[in-house]
Structure formats: structure tokens, C-alpha cells
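2 protein chains.
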Amino acid sequence: MNYFSSDFKLGILGGGQLGKMLLNDTRKFDIQTLVLDPSEEAPSRMSCNAFYRGNLNDFDTVYQFGKMCHVITIEIENVNLEALEKLEEEGHLVYPSPKTLRLIKNKGRQKDFYVENNIPTSKHQRFVDIKDLQNALDKDELDFPFVWKSAEGGYDGNGVKIVRSALDLYNLPEVECLAEALVPFKNELAVIVARNAKGDIKTYPVVEMEFHPEANQVEYVICPARIDKKVAEKARAVALNVSKAFNHVGLLAVEMFQTEDDEIVVNEVAPRPHNSGHYSIEASYTSQFENHIRAILNLPLGNTDSKVAGIMVNLVGEEGYTGQVVYENIEKIMAFDGVTPHIYGKRETRPFRKMGHVTIVNEDMAEARKIAEEVKNSIRVIS
Amino acid sequence: MNYFSSDFKLGILGGGQLGKMLLNDTRKFDIQTLVLDPSEEAPSRMSCNAFYRGNLNDFDTVYQFGKMCHVITIEIENVNLEALEKLEEEGHLVYPSPKTLRLIKNKGRQKDFYVENNIPTSKHQRFVDIKDLQNALDKDELDFPFVWKSAEGGYDGNGVKIVRSALDLYNLPEVECLAEALVPFKNELAVIVARNAKGDIKTYPVVEMEFHPEANQVEYVICPARIDKKVAEKARAVALNVSKAFNHVGLLAVEMFQTEDDEIVVNEVAPRPHNSGHYSIEASYTSQFENHIRAILNLPLGNTDSKVAGIMVNLVGEEGYTGQVVYENIEKIMAFDGVTPHIYGKRETRPFRKMGHVTIVNEDMAEARKIAEEVKNSIRVIS
Numbered sequence: 001m002n003y004f005s006s007d008f009k010l011g012i013l014g015g016g017q018l019g020k021m022l023l024n025d026t027r028k029f030d031i032q033t034l035v036l037d038p039s040e041e042a043p044s045r046m047s048c049n050a051f052y053r054g055n056l057n058d059f060d061t062v063y064q065f066g067k068m069c070h071v072i073t074i075e076i077e078n079v080n081l082e083a084l085e086k087l088e089e090e091g092h093l094v095y096p097s098p099k100t101l102r103l104i105k106n107k108g109r110q111k112d113f114y115v116e117n118n119i120p121t122s123k124h125q126r127f128v129d130i131k132d133l134q135n136a137l138d139k140d141e142l143d144f145p146f147v148w149k150s151a152e153g154g155y156d157g158n159g160v161k162i163v164r165s166a167l168d169l170y171n172l173p174e175v176e177c178l179a180e181a182l183v184p185f186k187n188e189l190a191v192i193v194a195r196n197a198k199g200d201i202k203t204y205p206v207v208e209m210e211f212h213p214e215a216n217q218v219e220y221v222i223c224p225a226r227i228d229k230k231v232a233e234k235a236r237a238v239a240l241n242v243s244k245a246f247n248h249v250g251l252l253a254v255e256m257f258q259t260e261d262d263e264i265v266v267n268e269v270a271p272r273p274h275n276s277g278h279y280s281i282e283a284s285y286t287s288q289f290e291n292h293i294r295a296i297l298n299l300p301l302g303n304t305d306s307k308v309a310g311i312m313v314n315l316v317g318e319e320g321y322t323g324q325v326v327y328e329n330i331e332k333i334m335a336f337d338g339v340t341p342h343i344y345g346k347r348e349t350r351p352f353r354k355m356g357h358v359t360i361v362n363e364d365m366a367e368a369r370k371i372a373e374e375v376k377n378s379i380r381v382i383s
Numbered sequence: 001m002n003y004f005s006s007d008f009k010l011g012i013l014g015g016g017q018l019g020k021m022l023l024n025d026t027r028k029f030d031i032q033t034l035v036l037d038p039s040e041e042a043p044s045r046m047s048c049n050a051f052y053r054g055n056l057n058d059f060d061t062v063y064q065f066g067k068m069c070h071v072i073t074i075e076i077e078n079v080n081l082e083a084l085e086k087l088e089e090e091g092h093l094v095y096p097s098p099k100t101l102r103l104i105k106n107k108g109r110q111k112d113f114y115v116e117n118n119i120p121t122s123k124h125q126r127f128v129d130i131k132d133l134q135n136a137l138d139k140d141e142l143d144f145p146f147v148w149k150s151a152e153g154g155y156d157g158n159g160v161k162i163v164r165s166a167l168d169l170y171n172l173p174e175v176e177c178l179a180e181a182l183v184p185f186k187n188e189l190a191v192i193v194a195r196n197a198k199g200d201i202k203t204y205p206v207v208e209m210e211f212h213p214e215a216n217q218v219e220y221v222i223c224p225a226r227i228d229k230k231v232a233e234k235a236r237a238v239a240l241n242v243s244k245a246f247n248h249v250g251l252l253a254v255e256m257f258q259t260e261d262d263e264i265v266v267n268e269v270a271p272r273p274h275n276s277g278h279y280s281i282e283a284s285y286t287s288q289f290e291n292h293i294r295a296i297l298n299l300p301l302g303n304t305d306s307k308v309a310g311i312m313v314n315l316v317g318e319e320g321y322t323g324q325v326v327y328e329n330i331e332k333i334m335a336f337d338g339v340t341p342h343i344y345g346k347r348e349t350r351p352f353r354k355m356g357h358v359t360i361v362n363e364d365m366a367e368a369r370k371i372a373e374e375v376k377n378s379i380r381v382i383s
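Listed in order, the protein sequences are those of chains A and B.
Following full-length UniProt numbering, the numbering of the first sequence begins with 1 at its first residue and continues without gaps.
Following full-length UniProt numbering, the numbering of the second sequence begins with 1 at its first residue and continues without gaps.
Hints in this document: simulated from the structure, not taken from any laboratory.
Incorrect hints may appear among the rest.
A pair counts as met if it fits within one copy or between any two copies, since identical chains are not told apart.
As the list claims (entries may be wrong) - Think about it this way: if two alpha-carbon atoms lie no more than 35 Å apart in a straight line, the pair counts; the simulated DSBU-like pairs of lysine-lysine are:
| hint | residue 1 | residue 2 |
| --- | --- | --- |
| 1 | Lys370 | Lys105 |
| 2 | Lys370 | Lys229 |
| 3 | Lys234 | Lys370 |
| 4 | Lys230 | Lys9 |
| 5 | Lys370 | Lys123 |
| 6 | Lys229 | Lys105 |
| 7 | Lys354 | Lys370 |
| 8 | Lys332 | Lys9 |
| 9 | Lys234 | Lys86 |
| 10 | Lys67 | Lys229 |
| 11 | Lys186 | Lys9 |
| 12 | Lys332 | Lys230 |
| 13 | Lys354 | Lys9 |
| 14 | Lys123 | Lys332 |
| 15 | Lys332 | Lys67 |
| 16 | Lys161 | Lys123 |
| 17 | Lys370 | Lys131 |
| 18 | Lys139 | Lys229 |
This one's a predicted model, so the numbers in the text were calculated from it and none came from an experiment.
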């Protein structure tokens with residue numbers, strides 16, 4: 001199929017910042033793109049050939065949108081899967097496959113899948129609701145402490161709670177859930193895997209999330225992770241296996257833990273470009289976004305190696321500020337070496353809203369880390 | 001001034017591929033952009049906030065367009081300068097300045113400027129027309145051989161002719177012209193200089209144009225140039241002086257020759273992003289396009305160093321093909337290491353039309369050069 005300056009059409013469900021950055025790389029290939037998003041002010045709106053406003057969870061909306069596209073992909077998982085299934089049946093290429101999206105959607109089923117496929121993951125038990133979980137505790141089939149997770153719908157820390165005693169169960173929502181063993185870990189890692197329909201497969205280097213020493217919040221995504229080479233190789237091997245097990249086409253971001261005894265356990269996956277891969281725009285030979293496009297169009301995958309060390313800092317709205325956004329000290333950080341701000345194009349800031357990110361690249365990781373800290377301490381997202 | 005996610009508006013005169021790539025970098029800063037171009041199908045059309053179709057040489061069109069913008073820049077020099085002058089008088093920021101555009105427009109005046117500012121350049125004589133030049137020959141005030149240049153309007157090899165005898169004068173157009181000394185040179189080089197209104201100034205590394213051994217055509221733009229370090233330093237110093245002499249704001253691409261005895265002589269300049277800087281998207285810490293934006297918005301300049309070696313190959317329409325473009329073997333070259341195609345988005349190819357370019361990056365220059373040759377020999381722009 002001829003994708004370049006042709007009548008080929010790629011459809012993207014979701015028009016947020018991931019879509020915006022994905023579209024950026026469609027421009028250099030001159031691929032026609034259609035975007036569906038509920039918001040009139042979606043960051044993706046400007047860089048696509050045609051923008052459609054509509055509900056991503058409505059069968060007809062997604063189905064009619066998909067009918068116009070040769071290949072359909074997503075930048076957000078929460079979309080109408082029945083419509084995607086029907087489109088796939090009718091011969092449209094849908095990547096990631098609706099089957100995988102359905103499997104991933106329920107965290108209990110996702111964990112079962114890892115167990116069935118011999119993918120290392122922490123022990124888990126599934127419960128239809130909190131009463132079911134309570135019963136298991138009563139019968140000593142479940143012990144404190146554990147990690148409670150809502151089976152569906154949680155993200156960015158929502159729907160997850162560490163439960164150390166019965167007190168922590170108080171006020172948990174009445175939804176299907178799971179309990180996972182609380183694994184003491186040294187590091188939170190992620191590996192992005194790119195795989196095309198031919199089965200060509202490549203992993204990006206392992207990245208490390210560095211947390212704020214007090215607040216339990218990721219401060220920096222660091223590539224490559226400052227970990228032992230053998231652990232890194234193990235993490236990449238595990239991630240490869242996860243992508244193969246799903247028979248995945250496109251990007252798969254595999255989040256995992258490095259345990260105290262240097263084992264790798266898979267936490268969860270995202271079947272699309274991922275926050276942990278934003279560093280790749282500046283640091284990698286081929287950005288995660290370009291490789292997602294290459295993968296879903298069954299083109300050869302680009303080199304996933306890094307040219308230089310990369311660190312990513314998220315720009316989130318500061319507490320106490322809501323309204324027309326101002327990026328305080330952005331000019332100051334732009335004077336630092338190897339610093340590129342990415343402003344997503346949301347006019348209104350509010351507390352903790354993801355407004356952009358900043359990438360810091362440098363030949364020398366220690367230097368990059370130093371500059372990243374200056375960036376973090378300088379810039380403020382206020383109104 | 002706050003440029004990021006604000007009401008600030010940047011206007012760009014011209015909507016070709018340079019504008020398209022420039023706009024790409026405005027997206028990550030979320031800067032509002034307006035584009036004026038005569039073609040309904042301008043490559044820039046998709047990535048700007050507002051597209052206006054109009055004649056770039058019409059006073060009213062350019063003036064009315066400029067009135068809507070806080071800062072105005074160009075991606076093509078051939079625009080109505082009177083309108084830009086009036087806009088500048090009225091307080092709009094116009095970069096490059098209309099004064100510089102006027103000075104550069106006439107190659108005779110441009111050469112005079114170099115002489116006045118002690119910038120090394122080949123000897124030249126100006127003539128009002130070809131008869132005036134003929135008189136100089138008759139009076140022995142001019143000798144063969146020399147390079148004839150049309151004073152205005154020529155580009156990409158048009159309006160330039162090597163004149164070795166009276167026979168070569170036959171059929172030259174009746175226009176203002178100049179005769180330049182024919183300087184034997186080893187290499188054709190270029191240096192891009194970025195300078196902001198504060199006067200911060202940085203040069204990119206020297207690039208080298210490698211010509212086809214038989215056809216007199218640039219095949220590869222190579223960064224860094226494979227030349228002696230001292231010559232490279234001299235070239236960068238000369239380019240810095242040229243930018244300062246113009247008091248230039250924005251990018252200035254300085255084209256020059258390395259003579260047989262390792263002198264640097266300036267040939268001509270382009271006051272904007274330039275074909276010789278396309279490699280920078282993949283190879284540099286900061287692309288030429290991002291630095292043009294930083295410069296004209298008086299932001300701190302980004303690092304102009306390279307992460308890796310970069311080679312650029314232009315994709316031009318093959319002779320004998322006109323119509324809906326096909327990029328033959330594009331999938332093949334995408335399988336090579338470090339290869340990124342940039343397709344400009346022109347649907348119709350015709351002989352020698354600039355349709356795109358391909359960048360090859362690699363840690364090792366020799367390896368990049370080998371892959372560049374494979375790219376050049378594989379890809380064909382046909383219909």
C-alpha cells in the first residue's frame with residue numbers, strides 16, 4: 001500500500017497530546033489523518049486533515065468514523081470496543097486489536113493473561129466486589145498488606161490503594177477489583193516495544209521513573225535507566241515476551257518493577273505511545289511516535305537506540321491555579337543546554353492537569369540530571 | 001511577551017516546505033501562526049492556525065496580512081518589501097528586516113556590502129546590462145573567464161553562467177548583472193547562523209556539499225564537513241561576521257567556497273531556514289527551524305551542536321515523470337539504519353521539483369555516508 005502523499009487515510013481515536021505528537025510524525029510522511037475526539041479544543045485538532053467531534057464511547061460514532069479510514073489506531077484506550085470489533089470484522093485494520101484492548105481493559109483479566117503466558121508478575125486474586133474481597137479476608141484466603149486495584153477505569157494513580165489493615169478498606173468503591181501482593185521494589189521501570197504486522201519487533205532502552213523523595217510522585221523519566229546491565233537486559237526480554245504474547249501490533253509500553261532481589265515483575269501495559277517514551281522525540285534515533293506509525297502501517301521499524309541521554313519532566317498544573325495558563329520561567333529553562341519544552345496546547349490550567357513536558361538531552365547523563373533538576377525547580381504552570 | 005498558549009500571533013510569508021517544517025516547531029511551543037501563500041495546496045496549509053491565500057508580491061495583501069500579526073517572518077525572499085517596510089514603521093516586528101531583504105535581493109548590492117564590511121568574497125564588477133558588460137570587455141576592464149550573474153531573481157542555478165569566451169555571452173538576458181572572478185575551489189560549504197534581537201549569536205557546524213562526480217549537482221549535504229578543523233573555524237568566524245554585519249535577527253545561511261589555498265570566500269546568503277540545514281532536524285540538539293523561531297521571538301537560542309553525524313539527500317522529481325507522485329523504494333530505505341524521509345506533501349511531481357528530502361544520521365560519518373549512497377541509489381521520485 002502506498003501511504004505517502006496518497007489517498008490512504010489513518011484514523012486516530014482520541015485527540016489529546018499523544019495524538020498531537022503522533023500526528024506530528026504523520027506530517028513528515030504526508031499521511032492523511034482523521035481524528036475523533038469529544039472536545040472542540042482537542043490538542044490534535046490542528047495537525048490532522050479532518051477533525052470530527054464525537055463521543056469515543058458511542059458505537060455509531062466510532063463505527064462511522066472508522067468506516068472512513070483504512071487503518072485505525074488509538075491514543076486513548078477508553079473507546080467503544082464493539083465498534084472496533086465490527087470494523088475489524090469488515091476488513092479495516094485496527095491496531096491495537098480490539099481483542100487486546102478488551103483483554104487489557106480489565107486489570108484482573110490482564111493479570112490472568114500474564115500468568116497464563118508465563119510473564120512474571122506479582123501474585124493477584126480477583127474479586128467481583130469489595131464484599132467478595134472482605135469474605136476472602138474473613139476466610140484467611142487473603143492477607144494484609146496488599147494492593148487494591150479497581151478492575152476497570154483507573155489510571156494515573158486513581159483506582160489503586162495500598163491496604164495495610166481493615167481501616168484502609170473503608171470507602172473503597174463498590175466495583176470489581178483485585179488484590180495484588182505488595183512487592184518491595186527498588187525501581188519502577190518501563191520498556192516500550194514496537195512490533196509491526198510482519199512481526200518485526202524492537203524494544204526501546206529501559207527507562208526509570210525517579211520519584212520525589214517525600215511526595216510519592218514521579219519527578220523524572222530517565223533514559224537509559226541507571227540500573228545494572230543484566231537487569232536491563234532482563235527487563236527488555238520480559239517486555240518483548242509481553243508484546244509477543246499479545247501478538248501486538250503498534251507500540252506497547254510495559255510498566256514493571258525491579259524487585260529488591262533484582263527480579264522483574266510486570267505491573268501493567270499501555271497499548272500506545274506512552275508518557276515514559278516522550279524523551280524519545282529528542283533522544284532516540286526514531287521517536288516512539290514515528291515507530292508507532294511505522295508499526296501500524298507495517299513499515300520497517302526505525303532504530304530504537306538513543307543518540308544521547310534523555311530525561312523527561314512532566315509539566316502539570318500547580319495546585320491553587322485554575323484558568324488561562326502561564327508557563328513561568330519558560331524562557332529561563334530554554335536557556336539551559338539541551339532543553340526543549342513541549343506545550344500541549346491546553347489554554348486552561350487546573351491542578352495536576354498535564355499541560356506539557358520538558359525534555360533534557362545531553363551526552364552526559366549526570367549533566368542531564370543536573371539540568372533536569374534546575375528545570376523542575378524553575379518552571380511553574382500557573383494562571 | 002508570553003508566546004506559549006497565548007493570543008500572540010506569528011505570521012509567515014510563504015507556505016512551502018520550509019514553512020511546513022518551521023510550523024512543526026511552533027506546534028510544540030503552541031504558538032499561534034498565520035500563513036500567506038498563493039497556492040491553495042501549500043504544504044504549510046495544514047499546520048497553521050489560519051491560512052490566507054494571496055499574492056506575496058502584492059502590497060495590500062502583504063500589508064493586511066501583516067497587520068494581524070505581532071511578529072512577521074518569511075520562508076521565501078520574494079515578497080513585497082514596501083509592505084514589510086510599512087509594517088515595520090508601524091511597530092510590527094519583521095525578521096529578517098526589510099532593509100536586509102532589500103540589500104540581499106540585488107546580488108550586486110549584496111557583494112558591495114561584503115566589500116564594505118571586510119567580508120571575504122570573490123572580486124566582482126556590476127553592470128547595468130549586458131551591453132555595459134560588453135563595453136567593459138572591449139575596454140579591457142573585464143577579462144575572461146568570469147562568472148556572470150543576473151543581479152536579481154535567479155536561484156538554484158538559474159541566473160548564473162560561467163563565461164569563458166564571447167560565445168558564452170550569447171543569449172544572456174538583458175538584465176542588470178555582475179561579473180565575478182572565477183575562484184577555483186575545493187569545497188562548497190555553508191554555515192547557518194542564528195541570532196536573536198538581544199544579540200545572542202550561535203553558528204551551526206560547517207556543512208559540505210558533495211557533488212556528483214560527473215553531473216554538476218549537489219548529491220549530499222554533509223554535517224560536519226570533512227574539512228580541516230582550522231578551515232572550519234575560519235568558516236564559522238566569517239559566517240558570524242556576516243550575520244553581525246547585517247545586524248541580522250533570525251537564521252542566516254551563509255554559502256561559501258573553500259578555495260584551493262584554504263581561504264574562505266562568501267558566495268551568498270539566505271536570510272531564513274535553508275536546505276543546507278535540514279539535517280539538523282535529526283542530527284542537532286536544536287533544529288534550524290526551532291532556532292529560527294527562538295531567534296525571531298527573542299528567546300534564548302538552543303544548542304547548535306550535533307548529537308550525531310548527519311547527511312541530507314534531496315528528493316527531486318525524476319526527469320520524464322509528471323503527475324501523481326510515487327516514492328519508489330521508500331519502504332526499502334526506511335529499513336536502513338537512521339533514515340528518516342521527509343515528504344513535503346506535494347501531490348504532483350515534475351522533473352527536478354523538490355518533493356522531499358531524506359536524512360541519514362549515524363554516530364559514524366563513514367557509515368552514514370555509505371547508507372546515504374544506498375538511499376540515493378534506491379529511491380526514485382516518479383509518477
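Homo-oligomer pair classification [Lys9, Lys230; C-alpha up to 35 Å]:
neither (42 Å within a copy, 51 Å between copies)
Should Lys332 paired with Lys9 be assigned to within, between, both, or neither, using CA atoms and 35 Å as the limit?
between (41 Å within a copy, 21 Å between copies)
Check Lys354 against Lys9 for me: Cα-Cα at most 35 Å, and say if that holds within a copy, between copies, both or neither.
both (29 Å within a copy, 24 Å between copies)
My question is about Lys186 and Lys9: at a cut-off of 35 Å on alpha-carbon distance, are they close within one copy, between copies, both, or neither?
neither (44 Å within a copy, 48 Å between copies)
How would you label the pair Lys332, Lys67 (within, between, both, or neither) given a Cα cut-off of 35 Å?
between (47 Å within a copy, 30 Å between copies)
Is it within, between, both or neither when you check Lys161 against Lys123 at 35 Å Cα-Cα?
Classified as within; 16 Å inside a copy, 78 Å across copies.
What label fits Lys370 with Lys229 when the C-alpha limit is 35 Å: within, between, both, or neither?
both (23 Å within a copy, 31 Å between copies)
For Lys332 vs Lys230, is the C-alpha pair at or below 35 Å within one copy, between two copies, both, or neither?
Intra 39 Å, inter 34 Å, cutoff 35 Å: inter-copy only.
How do Lys123 and Lys332 come out at 35 Å by Cα distance, when the copy is not named: within, between, both, or neither?
neither (47 Å within a copy, 45 Å between copies)
At 35 Å max between alpha carbons, let me know whether Lys370 reaches Lys123 within a copy, between copies, both or neither.
Close neither inside one copy (38 Å) nor across copies (51 Å); limit 35 Å.
I want to check one pair: Lys67 and Lys229. Are their C-alpha atoms no more than 35 Å apart within a copy, between two copies, both, or neither?
neither (46 Å within a copy, 58 Å between copies)
Under a CA distance limit of 35 Å, which applies to Lys229 and Lys105: within one copy, between copies, both, or neither?
within (32 Å within a copy, 58 Å between copies)
The structure does not agree with the numbered hints 1, 4, 5, 9, 10, 11, 14, 17 and 18 stated previously, though it agrees with the rest.
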